[in-house]
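Visitor: First to last, the sequence lines map onto chains E and S.
For the first sequence, the tail end lands on 811 under the numbering used here, and the numbers increase by one without skipping.
For the second sequence, the tail end lands on 291 under the numbering used here, and the numbers increase by one without skipping.
Because the hints were derived from the structure by calculation, they are not lab data.
Do not rely on the hints blindly, as some may be mistaken.
To be verified - Dumping the calculated DSSO-like pairs for lysine-lysine here, alpha-carbon to alpha-carbon at most 30 angstroms: (1) 59(S) - 682(E); (2) 86(S) - 589(E); (3) 704(E) - 187(S); (4) 161(S) - 86(S); (5) 161(S) - 701(E); (6) 750(E) - 701(E); (7) 161(S) - 704(E).
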Amino acid sequence: MLELTQVETYYGKVRALKGVSLKVEERSIVALLGANGAGKSTALKTISGLIHPASGSIRFCGERIDRDSPERIVRRGISHVPEGRDIFPYLTIHENLTMGAFTRPKTEAAETLQRVFSHFPILEKREKQMAGTLSGGEQQMLAIGRALMARPRLILLDEPSLGLAPLLVHEIFKIILEINQAGTTILLIEQNANMALQVALYGYVLETGSISVEGLAPELRTNQYVRHTYLGVKE
Amino acid sequence: MLIHIVISGIATGCIYSLVALGLTLIYKSTEHVNFAQGDMSMVSGFIAFTLFAWLKVPVPLAFFLALVGSLGLGLVMEFLLVKPAIRASHFNVFIITLGASIVMQSASGLIWTHNEFPFPSLFPNKSLVLGPVRTDAGSLGIIFSTSLLMLALFLFFKYSKTGTSLRAVSQSQQAALLMGISVKRCFALTWAISGLVAGIAALLIAPVVFLSTALGFVVVNGFAGAILGGWGSLPGAVVGGVILGVLENIAPFYFPSEIRNIIPFAVLVGVLVIRPSGIMGEERRRRV
Numbered sequence: 577m578l579e580l581t582q583v584e585t586y587y588g589k590v591r592a593l594k595g596v597s598l599k600v601e602e603r604s605i606v607a608l609l610g611a612n613g614a615g616k617s618t619a620l621k622t623i624s625g626l627i628h629p630a631s632g633s634i635r636f637c638g639e640r641i642d643r644d645s646p647e648r649i650v651r652r653g654i655s656h657v658p659e660g661r662d663i664f665p666y667l668t669i670h671e672n673l674t675m676g677a678f679t680r681p682k683t684e685a686a687e688t689l690q691r692v693f694s695h696f697p698i699l700e701k702r703e704k705q706m707a708g709t710l711s712g713g714e715q716q717m718l719a720i721g722r723a724l725m726a727r728p729r730l731i732l733l734d735e736p737s738l739g740l741a742p743l744l745v746h747e748i749f750k751i752i753l754e755i756n757q758a759g760t761t762i763l764l765i766e767q768n769a770n771m772a773l774q775v776a777l778y779g780y781v782l783e784t785g786s787i788s789v790e791g792l793a794p795e796l797r798t799n800q801y802v803r804h805t806y807l808g809v810k811e
Numbered sequence: 004m005l006i007h008i009v010i011s012g013i014a015t016g017c018i019y020s021l022v023a024l025g026l027t028l029i030y031k032s033t034e035h036v037n038f039a040q041g042d043m044s045m046v047s048g049f050i051a052f053t054l055f056a057w058l059k060v061p062v063p064l065a066f067f068l069a070l071v072g073s074l075g076l077g078l079v080m081e082f083l084l085v086k087p088a089i090r091a092s093h094f095n096v097f098i099i100t101l102g103a104s105i106v107m108q109s110a111s112g113l114i115w116t117h118n119e120f121p122f123p124s125l126f127p128n129k130s131l132v133l134g135p136v137r138t139d140a141g142s143l144g145i146i147f148s149t150s151l152l153m154l155a156l157f158l159f160f161k162y163s164k165t166g167t168s169l170r171a172v173s174q175s176q177q178a179a180l181l182m183g184i185s186v187k188r189c190f191a192l193t194w195a196i197s198g199l200v201a202g203i204a205a206l207l208i209a210p211v212v213f214l215s216t217a218l219g220f221v222v223v224n225g226f227a228g229a230i231l232g233g234w235g236s237l238p239g240a241v242v243g244g245v246i247l248g249v250l251e252n253i254a255p256f257y258f259p260s261e262i263r264n265i266i267p268f269a270v271l272v273g274v275l276v277i278r279p280s281g282i283m284g285e286e287r288r289r290r291v
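Next up, chain E with everything else stripped away, as it sits in the complex (with noise of 0.2 angstroms):
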């Protein structure tokens, strides 16, 4: 559904990605791992189109997107949940998520907000609310119903559990298994890996730019590298 080939992006002079290829099935959930600063989330802004690549290809669906705005991306179908979840903080929890839609139809926005609703009931609770005034947890939700708002085929997630407190955490994971189960594809950032892995079908490292190692996520979760370094086991 989509796929990566030989991808660089410069962030302002710096060689974020340093040439990543990737693949990502659809229906599929994908654990795009790594430490801080290996181009994570530089690899989310490029398939979005907040920034463009200086070379390779990113296609979606087959056709190429790697010169489209984020606004034709969007209505391609993919929705990216950025960094810092990045709510508006003075609009309603409702006009948030109107917003989310702002690429479809009016006429589909109702029953898309009691989708999302269904999945976040507290967001319907606190439809009136600012923003701004929900909890880190309750923010993360916004953010990933305001993105399911756009009925995205392909939905981008950086680092969902970013300073969740670990009950909430498993709330979010139990969230997107429920997504991923309605029939939308995921492409999942995570630096808690272990979760990540437990989710995800299939899993890429990235270091410093470039990915190295991929493989299916059990055999990720039993390598002895992937183990040591980003699970944290000692042996």
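Place chain S on chain E using the hints.
Guide: Same frame as chain E, but now just chain S:
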């Protein structure tokens, strides 16, 4: 007598509110400070003037066309001056608009001279007696039209999808892009609305103070009003502008009349020293 002064003060204040509103709209969505806001009014006024005085277009039609022109003027400003400077700092853009202001004043002087011209009012020139209150139709007309415009703007920003997307852009451009909102189009639209507000301000103020190339200086009062109300706050711009207008009208009643011109600056300094966030100022957001 005092009530009459307050009412005409509110009317003057409404004009300042409109200028302050134009400034704040642009600032909130693009973080640019548009020093040419007053001159956009001035040019709109002269467009109307050219149409009815030189081309003999009926006044209502001339006014309508001038408003369309003012909207276009906002778009032109954005397209020619601000958009090309997309990588420039906010300070550079401020200087660009300052330059635009000087160019507009000089060019208007060349075309229309620096004389003062009478300008027809939308409202009858009558004094009204409402019970114990004596006032004039002009002031009430200005207050009424401004209130109507503000209500329309409020409804647009609060309830329409486009209005909400403009607010979204002012809060996070990145998130807005990821929603599929065209940030560029939103900037252009903001300038167009700001231009229209400038045009309406021109049609309301020109009958009171005469039309001249000096009309653009109203931007100073607009700034003072916006800062008094709380820089960056739309309701603040409205409240600040009105209070400034009332102060300006009342002060000469108690002090020598020259004080009028000092008021906006005194208010500016006073607010910045005592309470920089103004009356309804929002806490400055931190950008990561």
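Visitor: All hints are to be evaluated individually against the structure, with a verdict given for each.
Guide: Hint check results:
Using a Cα cut-off of 30 angstroms, the hinted pair residue 59(S) and residue 682(E) is violated, with the two alpha carbons roughly 46 angstroms apart. Between residue 86(S) and residue 589(E) the CA atoms are separated by roughly 24 angstroms; this keeps the pair inside 30 angstroms, and the hint holds. In summary, the hint linking residue 704(E) to residue 187(S) is supported, as the alpha carbons are separated by about 29 angstroms, within the 30 angstroms threshold. As the CA atoms of residue 161(S) and residue 86(S) are separated by approximately 27 angstroms, the hinted pair is consistent with the 30 angstroms bound.
Only pairs whose Cα atoms come within 30 angstroms are accepted, and residue 161(S) paired with residue 701(E) is accepted, the gap being roughly 21 angstroms. With a C-alpha separation of about 20 angstroms, the suggested pair residue 750(E) and residue 701(E) falls inside the 30 angstroms cut-off, and the hint holds. Distance restraint check for residue 161(S) and residue 704(E): the Cα-Cα separation of roughly 13 angstroms lies within the 30 angstroms cut-off, and the hinted pair is therefore satisfied.
When held up to the earlier numbered hints, the structure conflicts with hint 1 and nothing else.
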